[in-house]
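> Using the working numbering, you'd call the opening residue of the sequence shown number 1 and step up by one each time.
Hints are computed from structural coordinates only; laboratory data are not their basis. Even for Gly, the Cβ is constructed at its ideal location relative to N, Cα and C. Each hint can be trusted.
Distance ranges between label pairs, derived from CB positions:
#	residue 1	residue 2	range
1	Pro-264	Arg-205	27 to 33 angstroms
2	Val-161	Arg-79	41 to 47 angstroms
3	Leu-107	Pro-232	54 to 60 angstroms
4	Ala-118	Pro-239	48 to 54 angstroms
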Amino acid sequence: MGTLDGQRGSAGGGDGDGQGPAERDGHAGGAGASRADPAADAGAGLPLGGGGGVAAGGGGAGVAVADTGPARPEDTAARAERGRVLARRPGRRLRVVLGVAGGLPLLVVSCVLAFRVAGGDGVTPLPQLAAFLPWLLVPGGFGLLLMGLARSRAGVVWALVAVAGTAWSVRPYESAAEPPSTPPREEFRLLSANLKFGDATPALRTALRAYEPDVALVQECDSRCVEALHAPALRAAYPYRVIDGGDPAEGSAILSRYPLTEEPGVPGTLSMPAATARVAGERVRLQVVHPMPPTPGAMDAWRTELGRLRDAAAARGEVPTVFGGDFNSSQDHEAFRDILDTGLRDSAMLLGRSRTPTWPASTTPLFGAQIDHVLVSDRLSPADIEFPELAGTDHRAVLVELQLR
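Could you build all of it, start to finish, from the sequences and the hints given here?
Here it is as structure tokens:
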């Protein structure tokens, strides 16, 4: 019987190990390959990976393969959002860079504009930049472009305000003068010229012969200039003169066809002599202007000397007055506008030429700054103005036809 039982066990199990069905089932569940009963698994409610377990058998140890099942909608949305964020990062960085690059020129323009509108010339480098205010439309426009590319609404608004404010400030400080209603008592021609350390002395002689001004106001008249002015031909052409020479740029001179009486000038680092001319029996005060330039080390002297010129203009009384020369300032400087506020008028402004540059002379007519001026009181009016170029200097001369009434 024992033998027969063993044989039946071997025939039923097929493996001859003498194990019963229960034992075989237990062994198969632990180590052998088995075919899962879907109904049983479902009834047992066993979690099989993501959506059910699948057993693969082949006569050896079992290998479990996870089935993730269909993707959940929230997982798909998260992956899409993550992709969009990653895609946006390079564009966002670029817009930040564009915004910063656009903000730098706008900051400079805004600082200059703030002092131009509010009054005051500020500190270095603002006065130097203010002389070229029309040029600031270029960096302002560039900043506007970059802010647009950066898609910055606030930046675009900032840039528009800066550009509009600069354009508004570029307009002339004074409107054009109305044509005089009375005929002039006398017309005379006045030339103002900066010789740049005397280097343009030969060009000055040529200009005096070519334009034949009745009065010449000369700045930076060095020893070579003084020697040239004493030449017989120039002595005969301009018998009346006040010459205060000095090297390299301190000297100035007044040449006149009209009788002159020397007057106290405006004190300054550079010579600024004055004289009274007798024009058609009328006294006309002539004042050479040449304050220090607004370089970083001379800002205090620049402000002080322009202030002295303002005081001299305010104290002129009823005498017809001309202030001419290198003011080292433009209508965009508060210190220059203070002189205009005394009642003197800029000949170039009155004739619609207030943005014609006089320095540096090497630039085209569209660029540079107008820092050489001829200012006149109300009994004098300009009829015409030119800005001749003189070889050897970085300043254009100013040639004005004046009418005395």
